[in-house]
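Those protein sequences? They're chains S and V, same order as listed. Taking our numbering, I'd label the letters of the first sequence as residues 3 to 183. Taking our numbering, I'd label the letters of the second sequence as residues 341 to 415.
Because the hints were derived from the structure by calculation, they are not lab data. Just so it is clear, CB atoms sit at the ideal spot from N, CA and C, and this is done for glycine as well. Errors might be hidden in some of the hints.
[Claimed, not checked] Where chain V lies over chain S, by a calculated footprint (3+ residues, C-beta under 8 Å):
id	region
1	31-43
2	50-59
[What the hints assert, rightly or not] Restricting the straight-line Cα-Cα distance to at most 25 Å, the calculated cross-link-like pairs of lysine-lysine (DSS-like) are:
id	chain 1	residue 1	chain 2	residue 2
3	V	Lys414	V	Lys399
4	V	Lys399	S	Lys43
5	S	Lys43	V	Lys410
6	S	Lys43	V	Lys414
7	V	Lys410	V	Lys399
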Amino acid sequence: MSEAAFTDMMVAEMPYLRAFALSLSGSASVADDLVQETLVKAWSHADSFETGTNFRAWLVTILRNTYFNQYRKLSREVQDNDHIHAGQIAVGGGQETSVAMRDVQRAINLLPADQREILLMIGVTELSYEEAAQICNIAVGTVKSRLNRARARLAELLGLTGDDSTMLDRPGEDRKNPSST
Amino acid sequence: MTAGKDGHSPADGRQRPISEQALEAAEESPSLDPRVQEQLGRVFRSFCDDLVQQPIPDKLAVLLARLEAKQREKK
């Protein structure tokens, strides 16, 4: 594979890689360090990527291992100051979603790391259960159970009841409810 | 805190093979109300979409270009 082709693939995966890093670490500064380190490692281990396999999963593997080896302790400290991250991630989403974004990230920060990484691999980077299982070196059933526990905990932390009036969207601006007249 | 709403207490005293799969099967049973699940799905999906749409900082694009150039020089 040519250098240019490898770069193109990395550029294409960058949004997913950075989104995963942001939500995993809960910190924009840690996320960028993490992505930078991942890119450097990806280049120096480019030979170990098997053409035809999922490139995103390969990059996520590198980033995830880097995070757990080096950044986990650091990011825990940064997370305490979660306004940093919330301020950063609100920019692209627009005002309407910024509250929900911040609340969801806060809740994700509170999940146990093993549940959090699975939730984000499936949700943010859209990897399959099998790929997530392989990356974490666990059974597919364990992926499913961690995912279920993460979802249940997340719903609890966000206070979701299934009633749309409790949605995190501002209730005064509910455009999605046609029956409100 | 609403702990203990799932009734999977292992206190029935019956001997079970403690295989990982068996434990998982017990934990896999759906614990979320379908409406809550649907609501969470929407909230989480929108969170993920927003995150993926975040602009990529310039320094990352710059780093990528540098790494590619460096790799070329090696050859």
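Quick rundown of the hints versus the structure:
no.	hint	in the structure
1	31-43	holds (count 5)
2	50-59	violated (count 0)
3	Lys414(V) x Lys399(V)	holds (23 Å)
4	Lys399(V) x Lys43(S)	holds (17 Å)
5	Lys43(S) x Lys410(V)	holds (13 Å)
6	Lys43(S) x Lys414(V)	holds (16 Å)
7	Lys410(V) x Lys399(V)	holds (16 Å)
The structure shown violates just one earlier hint, number 2.
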